[in-house]
Structure formats: C-alpha cells, structure tokens
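K.L.:
Chain by chain, the residues run as shown.
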Amino acid sequence: MNRHAKAFAFAAVLSAAATAAGAQELTVGVRGGPESMDPHYSALGPQADAVKHIFDPLVWTGDDLQLEPGLAVSWKPVDDDTWEFKLREGVKFHDGSDFTAEDVKFSIERIPQVTGPTTTEIYVRRVADVEIVDDYTLNIHTNGPAATLPYDFVRLFIVSADAAKDYSTAETSAEGFNSGKAAIGTGPFKYVSWEPKGDLVLERFDDYWRGPAPWARVVRKEISDDASRLAALKAGDVDVINYVSSADYLALDNDPDIETFIGDSVYVMNLQLDQREDTPKVRAKDGSKLAENPLRDARVREAIDLAIDRETMVEIVLEGLGTPANQMMPEGFFGSSEDIPAPVYDPEKAKALLAEAGYPDGFEIDLYCTNDRLPGDGAICEALGQMFSQVGIATNVNAISKTVYFPTQARKEYSVFMNGWGTLTGEASYTLGSLAHSPDDEVKMGAFNRIEYHNEEVDRLLEEGAQELDADMRRALFEEAMEKTMADRAYISIVVLQSVWAGDKDKVVVTPRADEETLAYFIKPAK
Amino acid sequence: MSSFLLQRILQGIVIMAVMSVIVFAGVYAIGNPMEVLIPPEATQDVRLRTIARFGLDKSLVEQYFLFISNLFQGDLGQSYIYNEPVLRLIGNRLPATLELVLTAVLGATFIGVPLGIYAGYKPESATARIIMAVSILGFSVPTFWVGLILILTFAVSLGWLPSGGRGDTVEVFGIDWSIFTLDGWSHLILPATNLALFKLAIMIRLARAGTREVMLSDAVKFARAAGLSEATILSRHVLKLISIPIVTVFGLELASTLAFAVVTETIFSWPGVGKLIIDSIKNLDRPVMVAYLILTAGLFVTINLCVDIGYAVLDPRLRRGRAE
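For the record, the sequence lines run as chains A and B.
Each residue of the first sequence is one higher than the one before, starting from 1 at the first, in the numbering used here.
Each residue of the second sequence is one higher than the one before, starting from 1 at the first, in the numbering used here.
Hints are computed from structural coordinates only; laboratory data are not their basis.
Possibly wrong hints are sitting among the right ones.
[What the hints assert, rightly or not] DSSO-like, lysine-lysine: derived pairs with alpha carbons at most 27 Å apart: (1) Lys282/B - Lys412/A; (2) Lys58/B - Lys412/A; (3) Lys444/A - Lys349/A; (4) Lys444/A - Lys58/B; (5) Lys190/A - Lys92/A; (6) Lys444/A - Lys105/A.
Since we're looking at a predicted model, the values are computed, not measured.
Next up, chain B with everything else stripped away, as it sits in the complex:
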C-alpha cells in the first residue's frame, strides 16, 4: 500500500512539472498581455517601462525559471489586473466554488444513486421509465439554457429566489461560508441545481447499469437463497458491488466541476474561481491563468489519489493484493 502510494505521488509530481511547462509555453504563445493591457495613449517610453516592470521583456526561458523559483518560495505571482497575490485572489474565491460544487455533486450522488438503483432493480416499472427519461433531459439540455430558464422561472416570474450572487456569509474557521445562513441557501439552490442536473443524470445511469448487471450475478442469487430481504440485498451488497465506477466518476466530476463550473458561475454571477479564470483569460492576466491551471492539475492529481485510496477501502481484494 505505501509503495503504491509513493509511486502515485511521484507520478503526480512529474505530471505537475510537465503541466507547468505546457501551461507556461501555451499562455506565452497567445501573445504579450501588455498589447491588451497598456492603453493606446501610452507613449513608447511608458510602454517599455511598463513591460520591463512586469518582467515581460525577458525571454520565455528566463520568465519560466523566474516563475518556478518564486513558486518554490510559495509565491505564485501578482495578478496584473487586481494587483493582489494570485494565491489570495484564488483563495478568497475558492470557498464559494467549494460550497457550490460540493452541494451539487453530493446532492447529485445522494439522489442519483438511489434513483439509479431503483431503476436498475425494477427496469420495467413506470417510475423507472420516468427516472430514465428525466436523466436523458439532464445531460442533453445545455447547462446555460437550463440556468437561464431556472432564473426566469424562480427569480423573474415567481420571485421566490434571488437571480444571482452569493448570500450572506458567516465566518467559520476563518473562512466565509454562505451554507450556514438561510439567505445563503436561497442564493445557492438555483446554481447548485443547475450544476447538479448533468451529474445527477450520470449517477442515475451508472447506478442503473451496475445494478442491472449485479442483480443477475450469483452473489445476489445466493443472498436471496439465504433469505435476506430485498432491501438488505440492495443496500448492503448491490450498493457495494456497483460503487467502484461510481467513486471513480464522483472523483472526476468533483475535480472537473471545481475547476470548471464556469458556465453556471457566470450565469448566476456566483463569485467563484470559474468566473475568475474566464475573465483572466479574456484579459490575458497571465499570472492568474498559469497559477490556476497548475493548481487545477494539482487538484486532479490529489483527487485521483484519493479515489485510488477509496478503491482500496472499498475492495478488500485490492487492499490485500497491494499489501502482500
């Protein structure tokens, strides 16, 4: 188990190093951000002075090594646009994204998996058919459209919920959270639903396919022969047997949603990191782009590591196999 972990961590470090080169070179290739940022009336000497102040007169290789050496001192740079350390900028917005994404992904999983198991358990029933029809809607209708419809329905027409933004926050462990206030929840519900729909559909389909397969297996036949109730079979045996793909997808979805909840955040003006990254790309705010993409790579590596550990916990064969 430990050698397996060590190997995974080493792999992660290599991936991060490669990512940093690709990201840096890619962002560099888009062009000099100063062409977008320096205003037209700037005279040539002002332009040159500004470019030099931000170190953009240096070569790509020099800039990269400067970035890496700063990185090892924990400094990811200063945003060109906001004049704030990139880490603080991202850190201030991360809780907002975190609570939105966790609500959406956990909600989708806890609702989607039972629905999917039911649909797999009684595939011919009317309820199962309705569940499957809804799940098709879930991943075939574009997110931005659903988001706008949600706003139009619940905020504009009915006036029940606010149209966007984040609600009141309270400080817990030094971080502002909105999930602990009523107002916070009233702001959270629509974007979280919007974000959850697609994942809900995936979870339903995964759970259904797994359940249908497992229900035909010898394990379930023996369990039934042993006289276990259907509820016990479903919750104790089927759920465990179908959980590996679900955990895998959960991890991937969690990571990708954390990094790229852009569409939902933009439509609902949610002050999360997704909007930050899109705007920094539009403005060629290079330090934010680079830092964000590298942090995202780190996020994927970490979550995948956790997923791997999750496998070992769920599947005793994996655990033993690695331990010996």
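This is chain A alone, in the form it adopts within the complex:
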C-alpha cells in the first residue's frame, strides 16, 4: 500500500511540474521514431530527423535542401581528389568539451564499424582518407574526383570522439548510445531518455552554437496511426504533428484551434516502364504473348504519358496536396531543368499514337505500386489504371505493400510500376545516378535502374557530372541529363507530393522543410 501511496504522490508532483513547465515544453507527435540513439546506425529519414536534435551534421541543409554552413563553415576542392573543410570554432559538446577536427575524423571512421542494414556507409562511400591539418581544418581525400562530397555530408552526424570511443563496435554502440553515455553531440538538445518505439525526451542545451532553443524540454512521441496522431493533437496531448493525411487536412481547415503548414516534399511519383526485350507483365488483350515489348516503342511511351491527367490526379486524388511533375526532382533542386515542357493530357492523341505503333486495340498490362509508403500512392495507382484503360491499355492494378513490392521489383518481375523517389540530398546525381544511368558496378551507378533503361548520352553526362568539380558546369551537365532522360519517357514523373504539419495555433509556428524533418529548434512559439 505504501508503494501505491508513493506512486500516487509522485504522479501528482509530476503533473504539477508539467503544468508549470507547459509554456516551455514542446510535445511533438511523429509518425516514425528513431531506430537507435547512435546517429550512425541507420540512414532512414525518421532516424535522421530525431538524432538531428542531439547531433549536428557536418554540412547543414536549409528548408529547401540547399547547402548551408553548419559545423563546417566552408569547403572547397583543393585538387582532383581532395576537399578541404574549415570547421566552426567555439562549438561545444553537451559535456562541455570543444568540437575539433578529431571528432569529425573519428565520426567518419566509426561508421563502417557500427552501421546497420540501412547503412550510413553511403555518406562516406567516397572517402578514402581523412587528414587533420589543424584543429579546425580537414583534408578529405576521396576515391577519384567526388564532386558531390559536401552533399554526402548533410547527414554525416558528428559524435564526440571522447564520449563514444568505448562504444564504437557493433556490439557496444546500442548500449552506449541508448543509455545516454555516448549520446553527446553538439546539437540544440541534450538527450534524456528513449527506448525503441517509445518517447524521445530531450532537454535544452544552453551553449548551443546557434543560440539556445525556444523550448526547455521536448518530447517526441511516436504515434504511427494517422487518426490517433490527429486525435492526440485535438485532445491537446501533443502540440505539433507531422504527416497529416489529405482527408484530415481538409477537415482541419474548419478547426479554429489548429493551424496547418504545407510544404513541398522531395518525393516525386515516377512511373517506370521496363525496357527489356522480353518483359513479363505485358500481353495482348486475349492473353497471348506479344511479338515484342511495346514499352520499347517511343510512341507507346508517349501515349502512356499523354494518357495521364495530372491535374485530376492532384485535385481529386490528392485533395490538392501535390503539384504536377514533369521531371524526377522538384523545381529548384540542383540539376532540375526549367526547359522541360509541362506535361500534357491528350487521350485522343494517345489513342492515335498507339494505333500508329501497331496497337489499335491496345494491350494489357499489370501495374504495380506501393500502397503504404507515401501519402496517396495507392490511390494514384488506381487512378492511373483507369486513365490507361480509357486509352485502350487494359490495366490490372496491384497496389501492394512496400514489403512485397521492393524485393519483387529488385528481382525485375514487374513491367510497369510506380513508386515515389525522394531526392534526399537535393541534387541530381543522387536521383539520376541511381535511376537513369545504366546499371554499372564499375562506375557505381544505376543501382536502382530496374527497367534496364540505357541511353549512352545520359550515361556520359552523368559520369562527367560526377567528376566535374565546378558547380555551374556540373549543374549544366545534370540539367541536360535530366532533359534527355525525361524525353525518352522510360521514366514518367507524375506528381510532386506535398507534406502537411498541423499544430496548436496558439502555441507553435512550423516552417516546413523539404526533407520533411520536424526539428523542434526551428518550431517557433506563436506570438
């Protein structure tokens, strides 16, 4: 009984304390939480979002994903395979020690030892060697010219070499970081507690180099169900939520207490058309095999593009939360082209083109998409099926879980398929290098080109771009590669998705970020 009495008293004290601190405390309801407090364990989006509160990346990215000085204040290539990084002086870790070049070297070299299957090695894959020049200068030597190295470092989190040195093997890292012993960063918040799928509790770090955060205490609650997350906001249990669904977003417009914040995301929905001579999921309408793969015919690909009514897709299917896409990246990203024509919807011309290509009665395809990865992916898939059927391409729609979709896609068992692609680095080599270059282990490109798309011009432009250290020249090369890829229409971009946050109108103002991170430091108290 004594124990109960104590527990009750404790609960009462806690709730009293919570009320007093209410104005300075921010509670965020997020769809997905981190996987580990070790920032080098996973490269997943929710992981980076969470650990960015505690650790700073070497290079910062702004709301629109363009590079900004962070822990590194400047960087420049000094020769073909060396980059020089100048570090910020006067930055403190949470334990009071100084941030120096040693911590950066340690963080880079630690990654291969501790990373999990969603490997963070991708951030340091080009690094051959790290040379410390002085406490605030580093020379990073790369395997061959690495023009996009600073982009790789936007999620390279810096841990304290001192605090983490005993927790840098696969066996010890989770224990050291999840317990807080090694979770010492330079970020705006200090780590208090977390357990897998539980609340992440953070406390303001007063010596943060950008100045102290507006919130003394931040709690990030993982609420994966969309309806429950919204209910928690409406009930006042959380102050901000991310990923408001399109249906809820419409209803929230009428709620006087809640403000919504909409931003363009990095995700573009791309339809992908198999370019192999023999493709498994395309056939004549009577079920017989076609003489050749119609998707290899440029007229058929154009017909498919013309059959897509992107305006309807945005207005009806996505409830307005998107913009029609004409290329694989949102506008303004490094390498997206302004010269690509706006997409056209012309079903009559599509039918004519199909007839011209020798398919006056059309043919039959199986369309595969994810239905649980990004907002609206399943609905877009169904709408595509209807639009294709209207021009005579009988379409069997299969909107399935990403768990089944991606492994099957990797085995190349699909012919026509759609999924979102996020240009997380904000520049084209990430996207075009993975999708548009022909699969080639030698140059390490084309890993996600699952349609065997091959255009020698595009390959050449991308390879040159990857080596071109001059930013303007590189931009021009990527823009041309993007134009050529989109003109071939083996990849047909459909919509750029938008992302919605909602918050308590009297308490918070959220500035949307293109990478969809919900960073407490940048959530401002409402005036």
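Keeping the supplied structure of chain A fixed, place chain B upon it in accordance with the hints.
P.N.:
Frame of chain A; chain B shown alone:
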C-alpha cells in the same frame, strides 16, 4: 495425471519445432529484407558487405540451422532495425501488453459471466434483453472504429482521458508497471475497454447459453427440491457446471489477445508487443518476426496446457479418470 502432462509437453515441443520451420521458411519467402533496408545510394560493394554482415548471403538451410543453434544458447538474434537483442526488445514491451490484456480479459470475464448467467437465468426479462443487445454490438462493431470513437468522445470532446500512450510507471519486481499509478490507469481505461468489448460479448453469450441448458437439468431440480436458495444454486452449482467452456475460451482469448492486440495498441499508441510485430513485418525485420512468432507458439502451447490442468481441477471426473 503426470503421464498426461508429459504427453502434452512432448506434443508442445513437436509443435514448436514444426512452427519454427514454417515460420522461418515463410518469412524467408517474403524476400530479402536487405532490398527494403539498404538505401538506394549504396554502391554494389557496400550492399554485398552489408548482406554478408547479416548472414543473408547464406542458403535458407544454413540460416535456419544457425538460428536454431543460437536459439539453444538462448540467443534469438539482434533486431535489424533497433540493433538490440530481440529478447530484450520483446521483453521490455511485454509488461505493457500484459497489463493491458489481463485488465481487458479479466474485466470481460468478471463482468461478462455474471451478466450472462443472469441473462440465462431470466431470459425473458427486459434487463436480459438489454444485455443481449449490448453483446451483439460488442462483437459486430469493428475494434478500430470503437477505439476511434472512444478517443473522440473521452479524449477529444470531453477531455477526461488521454488519447493514447502509456502513463507513468513504477518499478515492481524490476519491471515497470503502469497499473500501480493513477496516471497509468487513466491511460489504461480506454484501450482496455476497447479490447474488452469483444471478449465481454463472447463471455456473456457463453455464460447465457450454458446457464439456460443447466437450469433445465436434473441437478438444478434436485437442488431446488433440497431447498437451496436460488443465489446458492447459481453461484455454487450452475457456475461450476458451465465453467469448462468458459475456461477454454478464456485461455484461447488470453493467448490470442496477448499475441495480437495489434489494432488496439496501434490506435492508442500503446507501447506493447503488438505494435512491435506489425512494424517489424512492415520493415521485414526478420529476427523480430521469427522470434515473436515462435514465442507466440510457445505461449499458446503453455496456456493450453494450463487450460487442460484447469479442466482437471474443475471436473473431478477428469481428474480421477486420468489418475487411475
């Protein structure tokens, strides 16, 4: 009794062994988790290195025997997603599920059985009709919908109870429990009610059907002739006679709710094992899936064993029959 027990335990072991093969092969057939987990920019050598590090380059048979040999050393593997031992991951979340499910199932039984007996005892009364109508609602309305309505009513509109999550916990026997704090109960009530509704309906219907049948039996006639009060007849004789099916269903419901309270846990963001398993399926976190399903099989086997022992305790005929 002991030979019966031994036989049951042996059966259980065989079931577990078969389950492990089915689960392992089934999970393997979904596909290589690395296709979902390894990020797109990974170069081919990074991919191969990662796949090899997690032993996924080995054949199915090799992977299975590796898993089994680790299992016998008490190691169920490391979660791909959380980099923590699977046992610790599941163990940390089990108390949350346990208290939610026990509250729900026990609540449903202790409320449902008396209501059901009453409805069976006086089937024509207005109260009995109301009870039966409520029980129909209980199992015909989907759980997720009831859950959302509960949140909307009690958390959003009235603001009496929190919308989700688990409340403050206190440590008892080295484990964190929330049923010993007021805040804990305020978080527990809605999900437990949500989870209990369906079971309540089953308990009512079972108890009612049993009572109606038993009330017509000679045993009850003799008891009445002997001058026992109706209350004594109901509580001492009828309750005992209808308890076998109730215990059976109690055991099954307890096991299945422990293993699959997924919907309720998701809606109320309850940090239990149900949410863990669903997310690990979404992410193809193979070690967690396999370990969880095998532990679940073990749970069913154990609870069924307990139910069998319960029969013997409740029914002297069974006890004697086995003992001789």
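K.L.:
Provide an ascending list of the numbers of those earlier hints which the structure does not satisfy.
P.N.:
Hint check: 3 fails alone, others pass.
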